[in-house]
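Q: Take a look at the letters that make up each chain.
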Amino acid sequence: MRNSIKVERAILNLTQEDLAQAIGVSRQTISSIEANRYVPSTVLALRLSRIFQKPVNDFFMLEELDLP
Amino acid sequence: MSLKKITAWDRKVFRKLINFQLPNYAKKIGAIIAILSISALFILKGIDSDSIWTRYIVRNLFVMGLLAISLSRERIEDEMIKSIRSQSYAIAFIVGVLYAIVQPYVTFGVSYLINRENALLELNHWQLVTFMLLIQVMFFHALLKRCRI
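Residue numbers (numbering that gives the first Met the number 0), protein chains in the order written: chain S, 0 to 67; chain D, 0 to 148.
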């Protein structure tokens, strides 16, 4: 799964620290999500969706490997 | 007490149990206890102490120190940290089982080479517990470091 959180964050002019504080995680978690090292839970994805005011599908995209 | 109430109570207790963690400062206390007790073990070995009780207590203190490190929270304990913690416990468990299978044969082999008559096929529970805790703490920090890069 890939994501465009870095882009969404840049649109809102937020640093990793700002976003981390807004959704209640550490900066390392944001960095790991952006680098595709960690796939967040549904709760965290929905919290991001609230911050970006966009549906989850807009910034989390399934890749060929993720399809059944 | 109805079955529903018993189930709810059971879930509540189980949730408390699986979420149990020590505060962040317990990590430092655990590290101090572990360092002091391992130093004491070396000193006891150096002075050739025969006191089984002292050795036993110091060994247990070392395990308690490692357990405190293992159970203490990070400054920000979020879902990624919890996931890393679970992974490290899973790795420690699997490596611990393999160690429990292999260790008695290694001990037997070594003691057979040194003294054939007293060679025993036995597992040291203290070594196993210490090994598992060390693996857990080590992997937890290694995986955490990988996420911080």
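Take the hints with a grain of salt, since some may be wrong.
Claimed, not checked - Cβ pair distances, simulated, as ranges:
no.: 1; chain 1: S; residue 1: Pro67; chain 2: D; residue 2: Val109; range: 50 to 56 Å
no.: 2; chain 1: S; residue 1: Glu62; chain 2: D; residue 2: Gly45; range: 56 to 62 Å
no.: 3; chain 1: D; residue 1: Phe19; chain 2: S; residue 2: Asn35; range: 44 to 50 Å
no.: 4; chain 1: S; residue 1: Ala21; chain 2: D; residue 2: Phe92; range: 33 to 39 Å
To be verified - For the chain D half of the interface with chain S, some residues (derived, Cβ under 7 Å), not all of them:
no.: 5; residue: Trp8
no.: 6; residue: Asp9
no.: 7; residue: Asp47
no.: 8; residue: Met79
no.: 9; residue: Val136
no.: 10; residue: Arg147
What the hints assert, rightly or not - Dumping the calculated DMTMM-like pairs for lysine to aspartate or glutamate here, alpha-carbon to alpha-carbon at most 20 Å:
no.: 11; chain 1: D; residue 1: Lys11; chain 2: D; residue 2: Glu73
no.: 12; chain 1: S; residue 1: Lys5; chain 2: S; residue 2: Glu33
no.: 13; chain 1: S; residue 1: Lys5; chain 2: S; residue 2: Asp57
no.: 14; chain 1: D; residue 1: Lys144; chain 2: D; residue 2: Asp77
no.: 15; chain 1: D; residue 1: Lys44; chain 2: D; residue 2: Glu116
no.: 16; chain 1: D; residue 1: Lys144; chain 2: S; residue 2: Glu16
no.: 17; chain 1: D; residue 1: Lys144; chain 2: D; residue 2: Asp47
no.: 18; chain 1: D; residue 1: Lys81; chain 2: S; residue 2: Glu33
no.: 19; chain 1: D; residue 1: Lys144; chain 2: S; residue 2: Asp57
Don't read these hints as lab results, they were simulated from the structure. Beta carbons: idealized from backbone N, C-alpha and C, even for Gly.
Q: Each of the hints needs a verdict: does it hold here or not?
A: Hints versus structure:
no., hint, result
1, S:Pro67 with D:Val109: 50 to 56 Å, "51 Å, holds"
2, S:Glu62 with D:Gly45: 56 to 62 Å, "59 Å, holds"
3, D:Phe19 with S:Asn35: 44 to 50 Å, "32 Å, violated"
4, S:Ala21 with D:Phe92: 33 to 39 Å, "36 Å, holds"
5, Trp8, "25 Å, violated"
6, Asp9, "24 Å, violated"
7, Asp47, "48 Å, violated"
8, Met79, "4 Å, holds"
9, Val136, "18 Å, violated"
10, Arg147, "5 Å, holds"
11, D:Lys11 with D:Glu73, "24 Å, violated"
12, S:Lys5 with S:Glu33, "6 Å, holds"
13, S:Lys5 with S:Asp57, "13 Å, holds"
14, D:Lys144 with D:Asp77, "15 Å, holds"
15, D:Lys44 with D:Glu116, "24 Å, violated"
16, D:Lys144 with S:Glu16, "18 Å, holds"
17, D:Lys144 with D:Asp47, "40 Å, violated"
18, D:Lys81 with S:Glu33, "18 Å, holds"
19, D:Lys144 with S:Asp57, "30 Å, violated"
The structure is inconsistent with the numbered hints 3, 5, 6, 7, 9, 11, 15, 17, 19, although it conforms to all the rest.
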